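Undergrad: Each chain, written out:
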Amino acid sequence: MKLGANSVLFGGHDMETAFKYIAMAGYDGIEVSALTGMSDHLDVTRWREQAETVKGLAETYGLEILAMELGRLDRDILELAFQAANAIGCPVVNCGPGGKANDEETFVQQMEIMNDRARLAEQYGVTLCVKAHVGASVWNLATTLRMMESVQSPFFGVDMDPSHLWRGGEEPADSVPALVSRIKHIHIRDCPGEKGVGGRPGAPEEQANGRGSVDLVRYIRVLHEGGYAGPVDLEVIGAKEYSLEQCCIIAAESRGHMQACLQACGAR
Amino acid sequence: MRLGANSVLFGGYDIETAFKYLAMAGYDGIEISAIPGMSEHLVIERWQEAAPEIKRLSAEYGLELMAMEQPFPDPAIMEPAFQAAVAMGIPVVNTGSRGTAGDEESLKERIEVLAGLADMAERYGVTLCVKAHVGAAIHDTATTLHAMEMITSPALGIDMDPSHIHRAFEDPHEAIVPVFSRVRHVHIRDCKGRTMGEGIIDDSGNVRYPSMAPEMQTCGRGDIDLVRFVAILHELGYQGALDLEIIGAKEYSLEQCCIIAAESRGHIQACLQACGAR
Chain A
541 MKLGANSVLF
551 GGHDMETAFK
561 YIAMAGYDGI
571 EVSALTGMSD
581 HLDVTRWREQ
591 AETVKGLAET
601 YGLEILAMEL
611 GRLDRDILEL
621 AFQAANAIGC
631 PVVNCGPGGK
641 ANDEETFVQQ
651 MEIMNDRARL
661 AEQYGVTLCV
671 KAHVGASVWN
681 LATTLRMMES
691 VQSPFFGVDM
701 DPSHLWRGGE
711 EPADSVPALV
721 SRIKHIHIRD
731 CPGEKGVGGR
741 PGAPEEQANG
751 RGSVDLVRYI
761 RVLHEGGYAG
771 PVDLEVIGAK
781 EYSLEQCCII
791 AAESRGHMQA
801 CLQACGAR
Chain B
353 MRLGANSVLF
363 GGYDIETAFK
373 YLAMAGYDGI
383 EISAIPGMSE
393 HLVIERWQEA
403 APEIKRLSAE
413 YGLELMAMEQ
423 PFPDPAIMEP
433 AFQAAVAMGI
443 PVVNTGSRGT
453 AGDEESLKER
463 IEVLAGLADM
473 AERYGVTLCV
483 KAHVGAAIHD
493 TATTLHAMEM
503 ITSPALGIDM
513 DPSHIHRAFE
523 DPHEAIVPVF
533 SRVRHVHIRD
543 CKGRTMGEGI
553 IDDSGNVRYP
563 SMAPEMQTCG
573 RGDIDLVRFV
583 AILHELGYQG
593 ALDLEIIGAK
603 EYSLEQCCII
613 AAESRGHIQA
623 CLQACGAR
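From first to last, the protein sequence lines are chains A and B. Take the position in the first sequence, starting the count at 1, then add 540; the result is the number in my numbering. Take the position in the second sequence, starting the count at 1, then add 352; the result is the number in my numbering.
Each hint should be verified, as a subset may be incorrect.
Quick list of in silico lysine to aspartate or glutamate cross-link-like pairs, EDC-like style, CA-CA up to 16 angstroms [as the list claims (entries may be wrong)]: (1) B:Lys372 with B:Glu416; (2) A:Lys560 with B:Glu567; (3) A:Lys735 with A:Asp755; (4) B:Lys372 with A:Glu745; (5) A:Lys735 with A:Glu710; (6) A:Lys560 with A:Asp616.
Computed beta-carbon distance windows for the label pairs [claimed, not checked]: (7) A:Gly738 with B:Glu405: 52 to 58 angstroms; (8) B:Gln591 with A:Asp580: 24 to 30 angstroms; (9) B:Gln591 with A:Pro717: 33 to 39 angstroms; (10) A:Gly738 with B:Gly628: 25 to 31 angstroms; (11) A:Lys595 with B:Ile429: 54 to 60 angstroms; (12) B:Arg354 with A:Arg615: 52 to 58 angstroms; (13) B:Glu368 with A:Gly736: 28 to 34 angstroms; (14) A:Glu734 with B:Gln591: 23 to 29 angstroms; (15) A:Gly602 with B:Ala494: 38 to 44 angstroms; (16) A:Ala718 with B:Lys407: 52 to 58 angstroms; (17) A:Glu734 with B:Gly414: 22 to 28 angstroms; (18) A:Arg740 with B:Lys407: 32 to 38 angstroms; (19) B:Arg354 with A:Val737: 31 to 37 angstroms.
According to the in silico footprint, chain B covers these stretches of chain A (three or more CB under 8 angstroms from chain B) [stated by the list, open to error]: (20) 560-573; (21) 790-803.
Rather than coming from a laboratory, the hints here were simulated on the basis of the structure. Note that the coordinates shown come from a computational prediction; the quantities given were computed from them, not determined experimentally. For every residue, glycine included, the Cβ atom is placed at its ideal position computed from N, Cα and C.
With the hints as constraints, model all of the structure from the sequences given.
TA: So this is what it looks like as structure tokens:
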């Protein structure tokens, strides 16, 4: 597995700052945030201006561009993201599923959208990944399995995020075997409190791996046993106002935790 | 086990900076550096001035004062160090043996000095811990066991540091077992290779050893199987302090010191979780 971090953790700082300190924390790669409002790192509407800068930063800091996170499935904007991904050598674009939990109509609608966007991803040779997300049409193991069945494109994958399954009342490690054949990306973070619907994501420092309640040691072991060898990108949300030192601490603490998890299961 | 870090990692910054960022990184406690030249966090000659502020910082940042490192096994320096420890409620004072590795006379003389210091520690009600250190009279398991045999005071403990045992060409996982009964403190860090490695001359003309750089001492970055080491400590029943000790970061940026501290804390946390200790 390759360890990366989403640059959104450094959303209050510029993109080079994110590259610099994610590299210093020992990550193998980076997920470039195109999450408008949470960061000003990649604006896909201006990707042609930014592509060389992003590639240059990746080279300067020795970070592989493991993924990009856009968040939205809007066709026009997603096509720009696929173009940008293709230009900067980014293999995966992550999006949320949209729609509403437990609403069959929006589920069906979102599956149609995902099938269309997967065909679009294929045109650009990149993989669209979607994860179960609290409150969205795909939010737990059952709906993720339905999504896998509904969207068969090889340019479509599951972005598995244990924190959202935990908040959906499920044990993430138990869900891995059913999903691993289609997992093409992992978003990872911890989550405080009890497992279950309504659980809060926690403050950014509580999302640092090892600080919360999710058994990430077991989760990573099960991923390794399932043969997963793709990117594992830390995604911590809400740190835009945090000091640079605190962002560094969250990134580094999580990297150290994941490194030990990988070592504990023999993956490193 | 309680996780702490030696403030010497933030040796280029004041002591409050060390408290602030070690607390932010999630440590339970702190080891106060009284290492001259590497930090000015606790200057033993002026401990009476420093003690109230250190106690205040401990309360403000919620960090337990787990140990102090005072590297000179010299009665004239160690006695005020013990007094400072008592005043601040610090239970352990860590030191090295000094002397010369492989020199029988040096080992004998150093053990006599440490025995006297252990008696002094006993009078003050603190524990003096000594560790095997590369190049010193006590430098491996055999010399550690010899010191344990010769110094019977319960105030003398072993400060187990896997990085120095690794560099003594021993396996820390095996070496911990025979000395465990006297282990009262653990210094922890990683280590790349067993020797200094190849040096390079920097822009200032100084020789630097990249494999020994502070970032390479970060837990998880080196060659020591710390996952297994922590699991063995847990299996043996160790419940004391586990203090990260990173040497050489005095010129490092604050961000880099934070990263070394936090990455190591995350690593040790996962080690503890993996063996069921947390």
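Undergrad: Given the hint of 52 to 58 angstroms, check if Gly738 (chain A) and Glu405 (chain B) actually sit that far apart at their C-beta atoms.
TA: Distance hint for Gly738 (chain A), Glu405 (chain B) is violated at roughly 44 angstroms.
Undergrad: Could you say whether the range 32 to 38 angstroms given as a hint is met by the Cβ separation of Arg740 (chain A) and Lys407 (chain B)?
TA: holds, 35 angstroms
Undergrad: Take a look at whether the Cβ-Cβ distance between Ala718 (chain A) and Lys407 (chain B) falls inside 52 to 58 angstroms.
TA: Given about 54 angstroms between the Cβ atoms, the range holds.
Undergrad: Holds or violated: are the alpha carbons of Lys560 (chain A) and Asp616 (chain A) at most 16 angstroms from each other?
TA: Answer violated: Lys560 (chain A) to Asp616 (chain A) is near 31 angstroms, above 16 angstroms.
Undergrad: Glu368 (chain B) and Gly736 (chain A), beta-carbon distance inside 28 to 34 angstroms?
TA: This hint is violated: roughly 40 angstroms between Cβ atoms.
Undergrad: Report holds or violated for chain B covering the region 560-573 of chain A, Cβ cut-off 8 angstroms, minimum 3 residues.
TA: This one holds; 4 residues, not fewer than the three required, reach chain B with a Cβ under 8 angstroms.
Undergrad: Range hint 31 to 37 angstroms: satisfied by the CB atoms of Arg354 (chain B) and Val737 (chain A)?
TA: holds, 35 angstroms
Undergrad: Using the Cβ atoms, figure out if Gly738 (chain A) sits within 25 to 31 angstroms of Gly628 (chain B).
TA: holds, 29 angstroms
Undergrad: For Glu734 (chain A) and Gln591 (chain B), compare the CB-CB distance with the range 23 to 29 angstroms and indicate the outcome.
TA: About 28 angstroms separates the Cβ atoms of Glu734 (chain A) and Gln591 (chain B), which means 23 to 29 angstroms holds.
Undergrad: Is the Cα-Cα distance between Lys735 (chain A) and Glu710 (chain A) 16 angstroms or less?
TA: holds, 7 angstroms
Undergrad: With respect to the beta-carbon atoms only, verify the hint that Arg354 (chain B) and Arg615 (chain A) lie 52 to 58 angstroms apart.
TA: The hinted range 52 to 58 angstroms holds for Arg354 (chain B) and Arg615 (chain A), with Cβ atoms some 54 angstroms apart.
Undergrad: Please verify the coverage claim for the region 790-803 of chain A: does it have three or more residues whose C-beta sits within 8 angstroms of some C-beta in chain B?
TA: holds (count 13)
When each numbered hint is compared with the structure, violations occur for hints 6, 7, 8, 13.
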